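Engineer: Protein chains in written order, with this note's numbering: chain U, 1 to 269; chain B, 1 to 315.
These are calculated hints, taken from the structure and not from any lab test.
Take these hints with a grain of salt, some might be off.
Stretch by stretch, here's where chain U covers chain B in the computed footprint (C-beta under 8 Å, at least three residues) [to be verified]:
| id | stretch |
| --- | --- |
| 1 | 63-71 |
| 2 | 83-90 |
| 3 | 168-180 |
One side only, chain U facing chain B, incomplete, derived with CB under 8 Å [to be verified]:
| id | residue |
| --- | --- |
| 4 | V77 |
| 5 | S114 |
| 6 | R131 |
| 7 | N135 |
| 8 | K138 |
| 9 | E155 |
| 10 | F241 |
As the structure is a computational prediction, the values presented were derived from the model and not from experiment.
C-beta: ideal position from N, C-alpha, C; glycine also.
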Amino acid sequence: MIYESKNIRLGILKLCYRLGTNAAHLGGCLSLADIMHVLYSEFLSFNTDNLMDEYRDRVIMSKGHGSIAMYSAMCEVGLIDNLDCIGDLTGKDNIYYKQEVRFPKKGIEFSSGSLGQGLAYAVGVAWALKRKGNNKSKVYVFVGDGECEEGSVWEAASIASHLKLDNIVVIADKNDLQIDGWTREINSQESMCDRWSSFGFEVIEINGHDYSDIRHALNVDIKQKPITVVAHTVKGKGISFIENNAEWHQNVVTDELYEKALFELGEVY
Amino acid sequence: MHYTENNIREIHNLDSRAAVGYSLENLYKSNKKIICVYADVGSRFAVKGKLGDNEIEIGIAEQTLIPMLGGLYHEGYIPFGIAYAPFITMRAADQIRMTVGEMGLGIKLAGGSAGLVSGSLGAASLALDDLAMMRAIPNMTIVSPSDCLSEVKLFEYAAGHNEPVYIRLTGNKLDSIYNEDFDINSSKSRVVYDSGTDAVVFSTGSETLQVIKAATVLAKKGINITVVDMLFIKPVDTGVLDRFASVKNVFTVEEHNIIGGLGSSVSEYISENTNQRLYRIGIQDSYLYPDSYENLLKETGLDVDGIVSYISKKL
Numbered sequence: 001m002i003y004e005s006k007n008i009r010l011g012i013l014k015l016c017y018r019l020g021t022n023a024a025h026l027g028g029c030l031s032l033a034d035i036m037h038v039l040y041s042e043f044l045s046f047n048t049d050n051l052m053d054e055y056r057d058r059v060i061m062s063k064g065h066g067s068i069a070m071y072s073a074m075c076e077v078g079l080i081d082n083l084d085c086i087g088d089l090t091g092k093d094n095i096y097y098k099q100e101v102r103f104p105k106k107g108i109e110f111s112s113g114s115l116g117q118g119l120a121y122a123v124g125v126a127w128a129l130k131r132k133g134n135n136k137s138k139v140y141v142f143v144g145d146g147e148c149e150e151g152s153v154w155e156a157a158s159i160a161s162h163l164k165l166d167n168i169v170v171i172a173d174k175n176d177l178q179i180d181g182w183t184r185e186i187n188s189q190e191s192m193c194d195r196w197s198s199f200g201f202e203v204i205e206i207n208g209h210d211y212s213d214i215r216h217a218l219n220v221d222i223k224q225k226p227i228t229v230v231a232h233t234v235k236g237k238g239i240s241f242i243e244n245n246a247e248w249h250q251n252v253v254t255d256e257l258y259e260k261a262l263f264e265l266g267e268v269y
Numbered sequence: 001m002h003y004t005e006n007n008i009r010e011i012h013n014l015d016s017r018a019a020v021g022y023s024l025e026n027l028y029k030s031n032k033k034i035i036c037v038y039a040d041v042g043s044r045f046a047v048k049g050k051l052g053d054n055e056i057e058i059g060i061a062e063q064t065l066i067p068m069l070g071g072l073y074h075e076g077y078i079p080f081g082i083a084y085a086p087f088i089t090m091r092a093a094d095q096i097r098m099t100v101g102e103m104g105l106g107i108k109l110a111g112g113s114a115g116l117v118s119g120s121l122g123a124a125s126l127a128l129d130d131l132a133m134m135r136a137i138p139n140m141t142i143v144s145p146s147d148c149l150s151e152v153k154l155f156e157y158a159a160g161h162n163e164p165v166y167i168r169l170t171g172n173k174l175d176s177i178y179n180e181d182f183d184i185n186s187s188k189s190r191v192v193y194d195s196g197t198d199a200v201v202f203s204t205g206s207e208t209l210q211v212i213k214a215a216t217v218l219a220k221k222g223i224n225i226t227v228v229d230m231l232f233i234k235p236v237d238t239g240v241l242d243r244f245a246s247v248k249n250v251f252t253v254e255e256h257n258i259i260g261g262l263g264s265s266v267s268e269y270i271s272e273n274t275n276q277r278l279y280r281i282g283i284q285d286s287y288l289y290p291d292s293y294e295n296l297l298k299e300t301g302l303d304v305d306g307i308v309s310y311i312s313k314k315l
């Protein structure tokens, strides 16, 4: 299972290593890796010759800390030529940063980093698509479970459901950890499925590292209501010393740790 | 839009709220990219039902309104958002910081009942700090009409320019100041009264009419001043500030805290460029108890008598 998304994890690791002492959000990127792999390689509609193609699917990375997972997936499918195009994720001449900065021509639809705003943005996008008669494109919104502590997520959820925006698919990365520790001990999101459901969303609960679960969820097509995929994941999945370790919400990948992580992913330094 | 004597009369028969619906209805007629999203104020601002399939009611959800306008802009629309001024600015300030400041998306925000007009509802409903917050957002253009014709023209400006705009709506039943069409692109401010250079007064929004009235009273007392209506708060019209740089005494008048609004904006410019003396007339950094609009204008010295006596005292 992990083997199939080895490349996306390697990409995440290499990009995070490049950040050096700027530190990287490895944990929350690795929890998304399997979903990202399946979404980009099997489901997402895009045109590599025109990243602004009207009929592309839109991906809104509301949990900005997952941006590097998104870039790695984009590399895998040719939306970014290769990891070298991404540079070191800093500086004004770059396009890709550790929290995405909107650049539509390169397929970056939204600027993230201030949590709880992506779903409201997606409501505008999804409504506009319908108004334009574009019934083909979907709007995928990645939110974190910690992010769902922000009230603005639910304000947007309320109107997304009221407007019957069935072209929105929220993917809630429930990796159970945030900076200060276990989410269930900080501001519990254990009733997350009930919450989205009560807001009028179709909820699909999956193991976010199980490909058949992921495929099943992304295949669901429901009319008149938006969808939330609640994905149970492991923060840092795939690299033992990062898994379930709150310190790796954001941390520095040293040379030594990089070598160790590469080895775990089956690569030689 | 073509302005004739007839439709200018029609516009002046509106109040500042009805002029919102009038503006958007007319803009939508000639540009189907115009979309209006309102936060439970569609009927108050006479927009409901005016834009057909291009209007969205979202209820009392200003923090959703702003990124949602961003999403609509992202897909090629010209989105206008309407809500009460304190809530579309301060409540959604972080969303504006991201959507307007960081992403630079050309969304248009109309903040109704700014300043003291909702005084009977108390401080919670007064926007007296919105300019301070909006001025600090990079990319943001801020305009504040002083009568219904300038309001309609500023909506037209917002629709015609690919930049984020905050339209600050003060006052309610606005008497006319402009009785004929004027070019809003060539000049971001207008000299609306000119009897001399004992002082120059830069005013904005509904205060401009109060200042014009004050100027006529002052003239009878032998104090001759010039009044400039600052239709744009940001970018501030530095051309007009330069033009009056030799006038020693400068006043600013606004329904806003003296911290962060028009007074601060003028202060920032002239303190670096001229040797003028500036006096800021506005709210003295406090919140107010609920009272009628008229009483609050009196209490804060923003009515005609208050402006006359303050300027007389300082000259």
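Engineer: Now, for every hint given, state plainly whether the structure supports it.
Structural biologist: Verification of the hints:
{"no.": "1", "hint": "63-71", "in the structure": "holds (count 9)"}
{"no.": "2", "hint": "83-90", "in the structure": "violated (count 0)"}
{"no.": "3", "hint": "168-180", "in the structure": "violated (count 0)"}
{"no.": "4", "hint": "V77", "in the structure": "22 Å, violated"}
{"no.": "5", "hint": "S114", "in the structure": "5 Å, holds"}
{"no.": "6", "hint": "R131", "in the structure": "7 Å, holds"}
{"no.": "7", "hint": "N135", "in the structure": "14 Å, violated"}
{"no.": "8", "hint": "K138", "in the structure": "14 Å, violated"}
{"no.": "9", "hint": "E155", "in the structure": "5 Å, holds"}
{"no.": "10", "hint": "F241", "in the structure": "34 Å, violated"}
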